[in-house]
Every structure is written in C-alpha cells, then in structure tokens.
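Residue numbers (our numbering), protein chains in the order written: chain Z, 1 to 356; chain Y, 1001 to 1356; chain P, 2001 to 2356; chain C, 3001 to 3356.
Be a bit skeptical, because a hint or two may be false.
Not the full set, but computed from the structure, chain Z residues with beta-carbon under 7 Å of chain Y [unchecked claim]:
#1 Tyr12
#2 Val190
#3 Ala192
#4 Thr206
#5 Leu214
#6 Pro224
#7 Lys226
#8 Val258
#9 Arg332
#10 Tyr334
#11 Ser336
Calculated from the structure, these hints are not laboratory results. By construction, the Cβ of each residue, glycine as well, lies at the ideal position given by its N, Cα and C atoms.
Protein chains: 4
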Amino acid sequence: MPINIGIIGLGYWGPNFLRNFVTAEDSKVIICCDIKPDRCKKFATLYPGIEFTQNSDEVISNPKIEAVAIATPAYTHYSLVKHALRSGKHVLVSKPLTNDLTQAQELVMQSDEKDLILQVDHTFIYHPAVERLKNVILNGELGQLYYVDSVRINLGLFQHDVSVVWDLAPHDISIMEYLIDRPVQWVQAVGARHAGQKVESMAYITVQFEDNILGHCHVNWLAPMKIRLTTVGGSRRMAIYDDNLVTEKVKIYDRGVVMNSIEGIYDALVQYRSGDIHAPAIENVEALEREVKHFLHCVQHHKKPITDGRAALRVINILNAAQESIINEGQRVYMSESNKQSEESRNHASTTLPLK
Amino acid sequence: MPINIGIIGLGYWGPNFLRNFVTAEDSKVIICCDIKPDRCKKFATLYPGIEFTQNSDEVISNPKIEAVAIATPAYTHYSLVKHALRSGKHVLVSKPLTNDLTQAQELVMQSDEKDLILQVDHTFIYHPAVERLKNVILNGELGQLYYVDSVRINLGLFQHDVSVVWDLAPHDISIMEYLIDRPVQWVQAVGARHAGQKVESMAYITVQFEDNILGHCHVNWLAPMKIRLTTVGGSRRMAIYDDNLVTEKVKIYDRGVVMNSIEGIYDALVQYRSGDIHAPAIENVEALEREVKHFLHCVQHHKKPITDGRAALRVINILNAAQESIINEGQRVYMSESNKQSEESRNHASTTLPLK
Amino acid sequence: MPINIGIIGLGYWGPNFLRNFVTAEDSKVIICCDIKPDRCKKFATLYPGIEFTQNSDEVISNPKIEAVAIATPAYTHYSLVKHALRSGKHVLVSKPLTNDLTQAQELVMQSDEKDLILQVDHTFIYHPAVERLKNVILNGELGQLYYVDSVRINLGLFQHDVSVVWDLAPHDISIMEYLIDRPVQWVQAVGARHAGQKVESMAYITVQFEDNILGHCHVNWLAPMKIRLTTVGGSRRMAIYDDNLVTEKVKIYDRGVVMNSIEGIYDALVQYRSGDIHAPAIENVEALEREVKHFLHCVQHHKKPITDGRAALRVINILNAAQESIINEGQRVYMSESNKQSEESRNHASTTLPLK
Amino acid sequence: MPINIGIIGLGYWGPNFLRNFVTAEDSKVIICCDIKPDRCKKFATLYPGIEFTQNSDEVISNPKIEAVAIATPAYTHYSLVKHALRSGKHVLVSKPLTNDLTQAQELVMQSDEKDLILQVDHTFIYHPAVERLKNVILNGELGQLYYVDSVRINLGLFQHDVSVVWDLAPHDISIMEYLIDRPVQWVQAVGARHAGQKVESMAYITVQFEDNILGHCHVNWLAPMKIRLTTVGGSRRMAIYDDNLVTEKVKIYDRGVVMNSIEGIYDALVQYRSGDIHAPAIENVEALEREVKHFLHCVQHHKKPITDGRAALRVINILNAAQESIINEGQRVYMSESNKQSEESRNHASTTLPLK
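For reference, chain Z alone in the conformation it holds in the complex:
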C-alpha cells in the first residue's frame, strides 16, 4: 500500500518534493498546499489528480494523509511540524529544522513521544557522492582524518529572512558532521553584510571536531562563479567531491606525506607522496529521489532516518554557535549541554543508506 502524502509549500523546493513523491512507487500524493493561488493553479494543471489548497490545515488535518512533506520558509517550520506531529503525521521537512535550538529540541522530543518519523531534508547526505566519501572514510582508505574543507559559493538570491549561514551552510555542516561523525568542541565564525543588507551574505565557519579534525566552510551569495567543493584530508589519502562536475564528482588522491628523519637544518622533515588518482563511477541518481525512498522506507518499516531530528539538532547546534560567534566578534563558542543531548543519540553509522 502506498503511503498517502500531503505537501506544504510549492515555492523553490516544494515542487521537487512533489515530483519525487509523485514518481516514487511507495507513495501517493493526495493534497498540496501553497498560500499563493497561482502556484496552486500552475501545479493543478500539471497534476489534475491531486487536490490543491491554500490552507495548510486542510493538509495536516486530512485523515487520509499519513505523512507530510514541508517546504516552507524556515521560520514557519516550528508551528507546522508541531501541528503535523500532534496530528499524528510523519514529517519530512526542508532544512533547517528550525532556526531556534529550543524549538528544534521540542520537536525532536515530540516526535519521540508520538513515535513518529521526523526526517529533515539534508539532501546532500543522500547524494551518492557523499555516500561514497562516507564509505571511503569508514573503510579506512583515507587513514586518520585531518580536515574537511567545504566551499559553497555562487551568485545567489539573497534571502531577506535568513543569512547565508542558515541558507547555504546547512548543506556543508550536515555533510561535514556526517563524514566526521565526532563531537564538536567549538565553533568560530566570521561574516560580512554587504549590499546594504541586514543579514550576512558571506561567512567563514570553523568547526573543531574531536581527534584534532578541523572543519571549515566558506559560504557566499556574492561570488562570481559557482563552486561546490568538499575536500577531505587524511593521513593516507585525500578525497574531493566536486559537485560542479558531471563525471568525476568524487576523486580519491593517493597522496599524502611521508615522515623522514631530520637530515639537516635546510631539509624538509616530511616529504610528500603523489600517487594515482581514482574517480569511482558514481550512480547518476538524484539525491532527493534516494532521500524520498529512504523516508518512505523508514515510515513503512519504522526505522530511524539517517537525517532524523537528532542529526538535524547537531547541525542546528553548530549553525547556532556560528551565528553566536559572528555576533560576538568571532569568539569561539564551546559546545556543551545541548550538544551532549544530540551526541548521546549519535548512532555512529557503520553502514550507509539502508535504502532497500
């Protein structure tokens, strides 16, 4: 039996939810909602079998609906998700879960109590390229992890309600957190507001993980060219994920340093080793398609999603600390209690996507 789905929000991202739930085998989209009548009208033409409404309550309270996919602005997530969970619906919500840590914690607790799936759409976690990086780390190919550096810049639409930290960085932070899979010690960030805006249009975020692993991301709405590049440095090998490329999205570099004994005051202590480069074939499938399947699988088999509420909490914790650091002149924000809560639930994934 396919799962009956309701979708709230048909702006930038919602249509992707719609398309993927329509084509997924195990789901049936019953009703969609957007506050703009023209959007509803446009999609009603394309999908005559689906009901459309401008009232989110008609989706959430609909007794036929088992799961709700929410793609509205972040500041609306708390009340919509809360309402949906209270109404007994499983929830897939676009990132970030909320911009407020306490509210996010409340939603996580609520989903626990009601025993409902709460999955946050950190899409890139479901990208085959990120899955490959995760496997390469898990099987030890990279050796000891040194750093993860992530750049996500382009000339993009400014958001008036959120800064680039909450718009772009959730992608990098969720990828980084998933790959490194260790507690965060502190976060530090700097940002800049340009073009007369009240929110940051560019930011540099440093995240110190345990085991001396440094995370860093650069997010920018005001860059001339598009870069989506994640680099993972390890003691044995290094890997990159370049999302701009159609083929060779992931490359494993058999490169690193070799220790030498000291030979003289002018000599290098270490030498580098530059070996082969390997670009594994990456399945050409949309990350969201895999994520929607994963959501449906978790609903059907009552499994915990990879990007469940607690994973989302860990991301929000870091983003929150980054924003706090920007406000407090770049001071390091040390992670503590709230962090522990999300850490306790970390399930140190030893495998990847349980898609089937």
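Based on the hints, put chains Y, P and C in the right spot on chain Z.
Chains Y, P and C in isolation, oriented as in the chain Z frame:
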C-alpha cells in the same frame, strides 16, 4: 652601466634570482654564495663567468658589489640584510623580510638612514595578473570593494622551521594588502598541525580592512590538488585571478546584485544580475623578471620600490597577528601602534608598476 | 486560442516535446501516442488530462488536432509526416526529416502544396548559444569565415537502425549549415564500424562550402568522455560554443593572424595576435522551449520556420553525401541538382529568431 | 667518459637540445653553431665554456665531436645529416627527418652502412604519458584497439616553408604509429589554406591501419585555444592523453560497450558500460631529457633507438601520403613498396624505453 649583483642562497628560490639577474640588461652577477658546496659546483658549471663561494661575507663585503639578492631561510634574513645594509649594499630579499616585527622595523629604519633600497620579494605583486586586478580596482570597474578571498593550497613540502602561515600566506596577504590598500582593523586565524608536526600545515586567516572589506585566506600544504585562486567581490563587478590557468588567468564578471523594493514576505529583497565575462589578455611574462627590472630601476633612479620595507612591514604585521591569534585560541588581534607606523608610509598607489 | 497538439512517440525524445507543449502558453496537448502501452500508462499518470493511444491514426485523424509533433524512429517519418500533411495537420518532426532524399523532397513539396508548416526539430538552431554565434558572424565580428569544426562525441547508446552519421551528425551539420549559410561544393567522409556492428559508430565528415570555408565534424558513440564543441575560425576573430559548460558556453577570442612582409628565410610570414576573450551572457533557456514557441508562432502567423523542410533538405543532402562517400571509399561527393533545389529556397537569414 | 656533442641550430628548438645535453651526465657539449651571430652571442654569455660558430662545417668536421644534434629547418636536414654521417658522427635530428621520402631512405641506408646511430627527435614518444599509453595497450588493458584520435591545435606561428602537415602532424602521426604499431593501408587528408598563405594552415588526416584500426588527426595553426588531446578507443577500455593538464595527463576510462541480444525494433543492440576512471601518476620529467638520455645510451651501447631512421621513415611515409592526398583532391593514397621497406624493420616493441 650594469649594476653589479651578489646573490646569497642557491636553494629553492635563489636560482630564479640568479637566472633573472643574469639575463636582465642592467645587471651583472659577480658572485654567488651557498653554504652547500655541491650547489655552488652545479651552478659554476652552468655559469663559468661567475665567482662562487660558501662564505656570505665574501659577497657582502665585496667592494665591486652594489646590490645583494638574498634567498636564504627566513630566520637568517635579519643578520644578512643588516650586514648588507651596513656595508652600503642595496638589498632584494626573499619573503618574508623577517619573522619578527621588531627586527623588520629595525631593518626598515636602517635602510632609511643609509638611504638604500630595501625591496622584499613579494613576487606576485609584480605579476601582470595582479597588476590588472589593481588597475580594475583603481579605475572603479568593481565599484565598492566587498571582499578578497584567496586560496593557496597544494601538496607541498613541509618546512620544519616555519609554519604554512609564514611560508604560503605571505603571497596572499601581500596581494590582498596591495589590492585593498587600506588599514587593517583586526586579524583572526585558526590553524591545525597534522602528521606529527610542530608547525601548522593548514590555516585560515581572516583580515578585516577598513570600509567593511573582508579579507580571508586559506593556506594548506596538505591538499590533494593545487589551487591558486584570488576572488575580489565588488558592488558593480567581481574579478578572479586563477593562477592555475595558462590563459584566462584574470576574469572580470559583470555580475552583482540589484536592490529591489520589498514585495512580499516570500520574495527576495535583492536580485542578482549575471552579465558578460571578460578575460583580458595578460602579458605572458615571468613576475620575477618584472620584479628584478623594477629593483634595478629603483636602484638606478633612487626610487621607492612598490614592495619596499614598509610594504613588507604591513604584511609582517598581519602574519604576526595571525600567528598570535592561532596561539591565543583564535582571538581577534586588533592592530594598533606598529600598524600606524607602516600605515603612515602608505603611498596609496594611484598608478602601478613604474617599470620603464 | 491555444493550438491543439497531438504527439506521436514517447520514447527518448517525445517526452521533451510533451513537456514543452504542455507548458507552452499557446498550445494544448490533446492526445499522445506510443506503440508501447507501458509508456502511455506512465505518462497518463503524470498527465491525467491528456488522452493516450497506441494507434497513431487516432492522433493524425483527430479533427480537434491542428498540429502533430512526431518523435519516432527516422524510418517511420516519411509515412507519418505524409499522412499528417495529407490530413491537413502542421507538423513538427524530430531530426532527420527522413533518411532518404527523394522522400524528403516529396514531403517538402507536399507541405508547400497544402500550405502547411513543416518544421524539423534541429534543436540546436534554437539554442541561444548558436543564435549568438550566428549574430557574431552576421555582424562581421569574426571577419571572413575560415572554417567550422564540430566535435560531438561521447559514450552513447548504439542505434541498430541508423549509423552515428544519421544519429549525431544532423546536429553538427545543421549548426554548420546555418552558420555558414552558403552552398556546399562537396562532401567527403570516413567511418568505422566497431564492436561487431553493421553501422558506423564513428565518422569524420568534411564539408567544403563556397568561399573556401571548410566544415568538419567528428561524431563518435565510442568516446570515453563527452565533448560538444563547435569552433568557428575567422580572419578577425574566432569563436567557440562549448555545450559542456554551464556558463561561458560561448567565447569570442580576439585572436588571429597579422600579415608581415618577408624578413628572412627563417622568419615567419605571419604573426599571431592574441587579445582578450569575451564570454557573453547566454540566456539560460532550453533550446526546445524556444523551438516549440517558434513552431507555434509560425503556425499562428503562417510564417516559414527557420528549420523548415528546405533547411532540413540541405542537411539531408549533406548527410546523404557523407554516407555515400563512406560507402565509396571516401570519394568526394560533389553536390549538384538536388542541392540547387534546396539552395534556391535559402533565405539568407539576416536576422535570427522571430520569436515574438 | 661523456660523449662529445656538437649542436647545429639555436633557433626555436635547438636551445632545448643545448640545455639537455649540457645537464645530461653522459655528454659534454663542445661546440654549437647558428647562422645568426646574435644567437651565438646570446648563448655564449650563458655558456662561456662552449665554443660557438656560424659555420656548421666546424661542428661536423670537428674530430673531437662524436655526435651531432641538428635543429635546423627541415629542408636543410638532408645535406647536414648526410654530411654528419659521412664524417662518422652519430646524429640526433629534429623532426621530420626530411620532407622527401627518397632522401630519408638514403639517410637511413647511409646510417646502416656506416653503423651509426640516426635518431629522429619525435619527442612525444619519450613522454612518460605516451609510454604509459603504450604499456596500457601492450598489457591488454584496452582490449582490441578501435581507433586513435589526435587533436593538436592552437594559435601558432605560421611557417613559410612547410605546411601544418609537416609542422604539427609529425607529433600526432609518430604517437599514433608508435601506439598502434601496425602497417598502414591507406591515408587520406584534406587541408585548407587561409590568410593568403601558400601552405595549409589546417588539415585533417585519416590513417587506416590494419585490423580495422582508424587513426585520425586534426592539426590547426588557426585555432583560438590550445588543445593537445590523444584518445585511444578499445573494446575493453579507453584512454586519453591530455597534454594541457598538469596532473591527470593520462586517464584510463573503464568504459565500453556490452553486446545484447535483439529485444525489439526500438531497442539498442548494444549498451554502454560506464565504470571508474583512473589517472595514474605520471613521472614529471621533460620528454626531451629522457630522449637525450636514450640517445646517449644508444650511442654508448650501440643500441637501436626507438625513434630510429626507420621509425622516422614510417612517419614520413604517412605525412607524404597525406600531402599527396591533399593535392589530389582528397583521394586515398594506398601504401605499398616504400611502406614495406620500413615495415620490414618494425621491431614490434614488446617493452618500452630501455633507458637504463
């Protein structure tokens, strides 16, 4: 009359000094020095007309020598430059001038007193691509400056005596300082030591300039691929300098944001504008060749070099603050007195290279 | 009033026709046909408002239908288009119009007699990048044309019924013919059959145009990487269209040669000039969307399409000659009568797309 | 004992011979010759220990000289090489050996009779990337060979005495001939003369090898961008050599086609397989350095060079046929007698460079 040159240090960079002074029209290399006999022997075969020695004093005290080019490890710069200036020689010294601010200030004062040229080899300032970026900024093409972001990473030889901050960042910081040409308010940095080293092999340095211009550089010896990319964001246009490319090293993007009035809660406040890209033809000439010519020109005509001691001081000030910040858990280091000294001498270049 | 459309063929390309006619403002898709029931079923789910059938006659004979879009294998085009024209329908048909010159001529005559639009889907002619190249040539920026070189290679699905000449080369030949816009003197080609196939999987086609302009295209289904690159050489400037790139699809190189007088036996007679590179902003719109609009515009205003039957004839003439040359050991095939027919109708486009 | 070397020609390529013979361990450059005094003067400054002359006879007749390296225009090769061989000197001569087949044959016979090394500088054969391709073919990784496609285009200096066929194509043809290592059946070519020149500035050359292996090269002096790309297609894998790249010059694509049974009229007969990409680490060494070592090794140990006179003959045979085809309206030129002579000597290299 060509200027008689002595060269000290024939390790990594010195041979480039040698080759360029040999082929320059206005100079004649008389004597070279390196503490390693095999290096002297190797170059003696190639240049039978030049004298070679292992004793730097034979270069500095040589009465025929008018100018000394020094390419030794940074920790030896102070005593060698001091000796050379005291002996009445003009000096071209590889970057950084010194690792110690007080010593650098002393050398600058000494060159002032002796009225001798003290030029520091911040090579990239002489690169035609950087000159083009400078011109593009000076003539207002970019509009109001927003930021300079610089990435200089590769798999490189570790230095045992200096961190990546003092090895690679001088390039980015000197470029950034030259392009932005404004006082620095504070510096903040984070670094990481990997592969059992006692110095940082990677660092992220943030430099806040006046007029809300943010500088940032990422330097890394442990990256799988080579990136040399400087991005300049402005209100009207943006520009990049990609040193990896053979052609199209500089690109000017007619891109930016356009302000809009608020239309609704879901709408963007600003929209982006994506116009043409222009890659000006960049003269294919070695930066060091231009720099050596500039040095000889300054010696002959008693002109102040673009990268004189005070320009070098401003770079050292920033690097010093970066290192201090790394040590002090990433705290912002606010610039003050020492900064003022170097700022007073800033000659707000309204033109570029007076090469001819 | 929107134009009522019927679509025949929902295999590889047909769904693109379907999607674009569904979203175009001036058309309404009434009925679709495919001989495979599962394809019909799949699209019926997505587009519940459209009728589906496995019988093409139900589309062609449908009195509500004013225009038919055909995306079936090439060998079926002749009978389907003929039937559609006889039934008084305007026709948009995927390339090539037919594989047989005589049949193509018959269809062109038939559309003339019935005064119906016959547009062949040479999609790239409607790509904004090709339009830009055309304008750059028309306004004289490139000077005198020297050559057009086109490469279209990738690892692609083999077709069992047509060779790579009829599968990929129609794109390059149509682009080349459109850009150069001059009669063809002769065609020469060589191909190779690999992997046990009975059709060519790779071919090199040379097309000599009047005014000493050389055209060449390399098409290959067995290449490891994807290349889609058209280069236009002229006496004043050169231009490329690299379809693999997301930005900078078109670049105009201010490069060429300058004549010099003879100076000596070792000297070059000509020198090259290497100036700026300019990448104009290219509208980010699907070529097929523009083509469908153009078709609807031509139907509504009774205009001749850019890629009408005669333009298609010129392409078929060249492909035909290429195939003949391959069979006859690479002999040059000189163009004559049939060519003249299509040439007479050439309307030497002095402007481009009359889209609005 | 180092071999005493004389060098004739210090124009474009000669200085590279000079530099490499100066730095090679097993050679000593005694005397150099160029008809232009300023060139002699320039290099005399750089290499004071070497004698310079404007008279080639002083090099060739010099009793101290054991081997002569010749880098003069092609039309002078015949008389210089002949003279050198007659004087008992081993010869390394820049490509092509001669532009005339009969003269080339005479030189080959002469070197045989005198039992002297005659090596032709087909530099790319000594490039580590080409060596890697050769090994990949020899060890069967690519399976059955299908084709070699080579593109060598850029904006280059026109030569007044030779066409692009004799200037650029020797590189591609020598690479292709070395990799495929089979008799040529026929050659076909087309060229174009532009910018008022009397020689071809662009050409397309097709070379049919035995076993249904198709070779093709595109050479062009009038291209806006530089491309140096060789693609090798095989039944199991494909490989490319992109000389523009600093790293990843060679890539092995685990891609190809898989045969399927016929399933229906719309179905493909074959499907493609798209696996991993592997970029082996390629030693970063100048090809000419390896070639000079190989020449010295062959002289010292009386071995036959990889690019000996007969290998050069095979290249000239193909170039000759290409030029003949261009003149004869693109007719195929079938290879016969002269071909056999060079084929008989083919030593079907089962290993690569015997450098040490």
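Right, here's what the structure says about each hint:
no.	hint	verdict
1	Tyr12	violated, 9 Å
2	Val190	holds, 5 Å
3	Ala192	holds, 4 Å
4	Thr206	holds, 5 Å
5	Leu214	holds, 4 Å
6	Pro224	holds, 4 Å
7	Lys226	violated, 11 Å
8	Val258	violated, 9 Å
9	Arg332	holds, 6 Å
10	Tyr334	violated, 10 Å
11	Ser336	violated, 16 Å
In the structure shown, a violation is registered for the earlier hints numbered 1, 7, 8, 10 and 11, in ascending order.
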